[in-house]
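Chemist: First to last, the protein sequences are chains A and B.
Just so you know, the first sequence maps onto residues 40 to 370 in the numbering used here.
Just so you know, the second sequence maps onto residues 16 to 331 in the numbering used here.
Hints are computed from structural coordinates only; laboratory data are not their basis.
This structure is a prediction, so every number in the text was calculated from the model and none was measured.
Glycine included, C-beta positions come from ideal geometry on N, C-alpha and C.
Careful: at least some of the hints might be erroneous.
[Unchecked claim] Lysine to aspartate or glutamate pairs mimicking EDC-like chemistry, simulated, CA-CA at most 20 Å apart:
(1) B/Lys32 x A/Asp184
(2) A/Lys120 x B/Asp223
(3) A/Lys71 x A/Glu261
[Unchecked claim] Here are the computed distance ranges between Cβ atoms for each label pair:
(4) A/Thr317 x B/Lys218: 17 to 25 Å
(5) A/His251 x B/Lys218: 21 to 29 Å
(6) B/Phe180 x A/Met156: 17 to 25 Å
(7) A/Lys160 x B/Leu67: 46 to 54 Å
(8) A/Gln168 x B/Ile53: 46 to 54 Å
(9) B/Ala215 x A/Glu192: 21 to 29 Å
(10) B/Val60 x A/Ala53: 53 to 61 Å
(11) B/Asn37 x A/Arg163: 43 to 51 Å
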Amino acid sequence: MSLLSVRDLTVKFAMRENTVTALNGISFDVAKGERLGIVGESGAGKSITGFALMNLLSRPGFIDSGQIMFEGEDVVGMNDKQLRGMRGNRMAMIFQDPMVTLNPVLTIGQQMIETLMAHRKLSREEARQIAIVKLREVYIPSPEDRLDQYPHELSGGMRQRIIIAIALLLDPQLIIADEPTTALDVTIQADIMELLLELCQSNQVGLILITHDLGVVSQMTERTLVMYAGRIIESGRTREIINDPQHPYTQGLINALPQQTLPGQRLKQIPGNMPSLTNIPPGCPFNPRCEYATDLCRSRIPEISHFGEVEVACHEVQRLQSNDARQEAKA
Amino acid sequence: MSTESLNPTAEPSRWTKIWNSNMGYSFRKNPVAVVSMIIFLMIAVAAFFAPLIAPYDPYDPASIDIMNSEYPPFWVDGSLPDFSLGTDDQGRDLWSTILYGTRLSLLIGVCAVALQAFLGISIGLIAGYVGGRLDSLLMRLADIQLSFSTLMVAIIFLAVTQAMFGSETFNQYAVFFLIAVIGVAEWPQYARTVRATVLAEKKKEYVDSARVLGFGPGRIMVRHILPNSLSPIFVISTVQVANAIISEASLSFLGLGMPPSQPSLGSLISSGFDYIFSGSWWITVIPGVILVVLVLVINLLGDWMRDVLNPKLYKG
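With the rest of the complex left out, here is chain B (with noise of 0.2 Å):
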């Protein structure tokens, strides 16, 4: 008796496999997470698609006119049928620069993770796997950088980056600067969480079976215990991207981060802090409401995938 003459329907395709999981299905069944994943994507597609749904370009400076600055949105008198959230301190459409800084704060949050995560992993598969005194040093390491507080180290870094190169160059070059130091401060929580999951998971017998097998210590590591470490990475994931965004809006906010020139969600919630006192509540408020959300639905759907993971929890 084959399996064919059990299963006479075809192969499910990869979707339809994922929606009836096990995730998938406590994903159905929650329904915070549902709503976190709408909001999210709602707000990354939009993002991701600016270009084509902003009414204006507020990069290009012919577009933008001084004399329409400060317009409020559009449920205050005296607002501008042209610009549906107001417009900035220089005369932006809000809505259009929104738009593209929070394309720009995920770019940014996503890209840093991915160093963060590149580092964090390499380093807490070797320290964990070969163990003995390279353990011990890369975990002191870890230590080290995580007793400099991310913002400080980044503080310091932008500083003199900006020093050193000219605000010129900085602003040209500051999404890449930003994204190295974000991913640079933040690896060894990475580095922790891999290495205990690799502590536990190297004691197990398919290990064993895979050195018997005469696998190289390389080719373990990756191709063995990292597939079966992934679930605390992608909780750790999500957390890291919503910190990512806060530490660079934080650091925007404090003038290191995006040049008000290509704004970033942190960087127009500091340009319209100066005005917050003369009336224009809408160019702090908005963006940051923006960013409270995104943040927020990032940490809930980290809650629930960590919820969903968790071997106590589930055992599968």
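Same shape as in the complex, but just chain A (with noise of 0.2 Å):
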């Protein structure tokens, strides 16, 4: 059974007169230990997903249909003291800015020491000494001080390690990144990425990673999803994906990166922007910005195929596939 498994689920918000779809029946599985990456542009719907995997969403939003069966239970019909009982305890969330995930008037301690003793029947002294581990297994240099100190004491970097050890304070199942190394510097991303990784191996704790960085992606998921305009457009294997893309929309965005591209030349954009929910285009949302884009692209939702384990939203891979075969035979 796996850890997480989400069905058909729908977000809607509700606007002034009517509703617009920002997930749109999207559907995935996250085994126990896995770890998962949400890939798209802004807006795409990935934040969103985050936060309704919680069921965190707050109005105008709200889960529409569809299904989130978290270790056997369905997380959209839970009451609030289930959820409260479910959030942080079993699935854990790590937001993108550090300096503003803290709240500023409580020390590291209390933070953590609340988080511990809201979940779990501890007295003050238990608690204290569970973060103080917690921190040394993010490699936080002399725990003990670092409890009496202030969010504003400590650096970017610093802090996104604290938020991790938060986040496994209570040893969850699952914890959902949302991009949580965007507001740090590169150096920085790459230690808390590595650190994030090892945590999530030595634990068999499952991570959905959300970010729009491809390279992070690949270094640190076994899966990958492809979100467009809320709806998922590709999934498979994180190598297959990044190594061979089959929807023109992941084409793009791998022909995009800086590596791709040779010193002097211009980075590969994909023309266009993403639609915004108020105004998709019939059929396959990608439409406008395809340069294979037919009649049947413009009037019908493409189905989702499998190609081997890879499942493609777009009714033109085949042909697309037979234009590669035909190019490499060319070349």
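Assembly of the complex is requested from the two constituent chains, each provided in isolation within its own frame, with the hints serving as guidance.
Modeler: Given below as structure tokens:
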């Protein structure tokens, strides 16, 4: 049985008169200890997915339909008490900007001890000991002293380590990391990612890594979902998706990486912008930006088709593949 | 390399920390704040220790002699050396009466503000955090409350209670009635300020992360949002204490507050007012000056605090 199983999750936002669909029937699974990457442009619905998994969408967003089975329980149907018992305890979340995710007026120790005591029957002293152990696990030097410091006394990388320690405090089964290193500089980013990877592997914790950085995804995850305009358009093993992307959008993303371009050349952008949720074109949402688009693409939403272990939502995949084959043959 | 080696000295005490903090620094650099604080502390300490300082007990009828009434203060001809600031119309030593009166005024001011703060902060927190219909309902209640002036509400309430309980009982419990009415009449000030801050704070990510960690709404409100909303609360608290003291004085002046047997500054001013044209100006003027100074220094301290805590002027 998988740890997390999402089926046909649809999230909508109530606007003044109508609703817009932010997530459109997405389905995926995360096995125990598996690391899943979710990539896509801004506004593709990545963060919304993370919040929906925690059932933490605040108005005007709401889960319209679908199922989120986490350890055999449906998160969508949980009441507030059950949700509080799950959040932080069995499913934890790491946010983007460590400068603002810690409460500025509480010391690190207060925040960690409070979290522990909210979920477990522990004395203050026991909680403190656990907090020290967890801080040590994330390589915080002299953790005893750090506990009495305020967040503003620590650097960004240090704070993100502490946030990871807080996420791991209660030994959750799943961590959702929403762009955990976007606000940090590149060297610290690498450290934090390495730490996260190490902790997930050693504790057999599942990880959902939400990011727009394909490089990070390729290092960190075993499977990847590519999202576009609230849908999953491609999913499969990370290595296959990175090395042999099927969907034209994924191909565009990979081609846009600076590594794909010789110095001095312009980066290969995908032309156009992602459509706004209020104005999604009919048919495949990617069709206005897709160089292979046909009339079929402009009228019908593509079904998911299987290619080996990769699932792709594109009408033209087969033609593209034969094209590829022809080009390769030519070369 | 541990932090101990960098900081060989012992952990500084709490007091030193406050003294060296930004707030302590700006306090030291601001002469108005320092002078105000000194005057305020002097008045507060004198009022608090009134029974020890005052030469007479103005509440004890045995120590009052009507024959001593209306002696002027010491710098006016015809004063008695026993009564440094003169006596009032009933023959009470004015200095002792002012000390006791200031104590009452401060007590009522602080307690009324504590009540206001309790009501206003709870309502503001809930309105801001929960939002939606409850927010609208509570804020409309606040609007309705604000559309009655404090004095009007207080006058009606106190007049009715006075009529209901009779002036004997009323006089006995006047302190509590005054605290209740001033406290209840002004809660919207707090509620509005707190709600506005909560609306800003609850969008911050630390609130999301608290929710993600599985904290309940009560805990998030009290433990996470409230401590981050304290600076405006401090600022309005000072202004509100000054306001409450003025309200109490006004009500007492109108005869609806403290009885003449237990005068606050307001009732003392009021009782002297009848004699102001017969030459005994000091019964009104001296407590009046004390009242003005007290309110002024509190307001000046509030001003200073607003400047220090204003995030637009100072970013911590």
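Chemist: Next, verify each hint and record whether it holds.
Modeler: Tested hints:
{"no.": "1", "hint": "B/Lys32 x A/Asp184", "result": "holds (17 Å)"}
{"no.": "2", "hint": "A/Lys120 x B/Asp223", "result": "holds (17 Å)"}
{"no.": "3", "hint": "A/Lys71 x A/Glu261", "result": "holds (12 Å)"}
{"no.": "4", "hint": "A/Thr317 x B/Lys218: 17 to 25 Å", "result": "holds (23 Å)"}
{"no.": "5", "hint": "A/His251 x B/Lys218: 21 to 29 Å", "result": "holds (23 Å)"}
{"no.": "6", "hint": "B/Phe180 x A/Met156: 17 to 25 Å", "result": "violated (48 Å)"}
{"no.": "7", "hint": "A/Lys160 x B/Leu67: 46 to 54 Å", "result": "holds (50 Å)"}
{"no.": "8", "hint": "A/Gln168 x B/Ile53: 46 to 54 Å", "result": "holds (47 Å)"}
{"no.": "9", "hint": "B/Ala215 x A/Glu192: 21 to 29 Å", "result": "holds (24 Å)"}
{"no.": "10", "hint": "B/Val60 x A/Ala53: 53 to 61 Å", "result": "holds (59 Å)"}
{"no.": "11", "hint": "B/Asn37 x A/Arg163: 43 to 51 Å", "result": "violated (30 Å)"}
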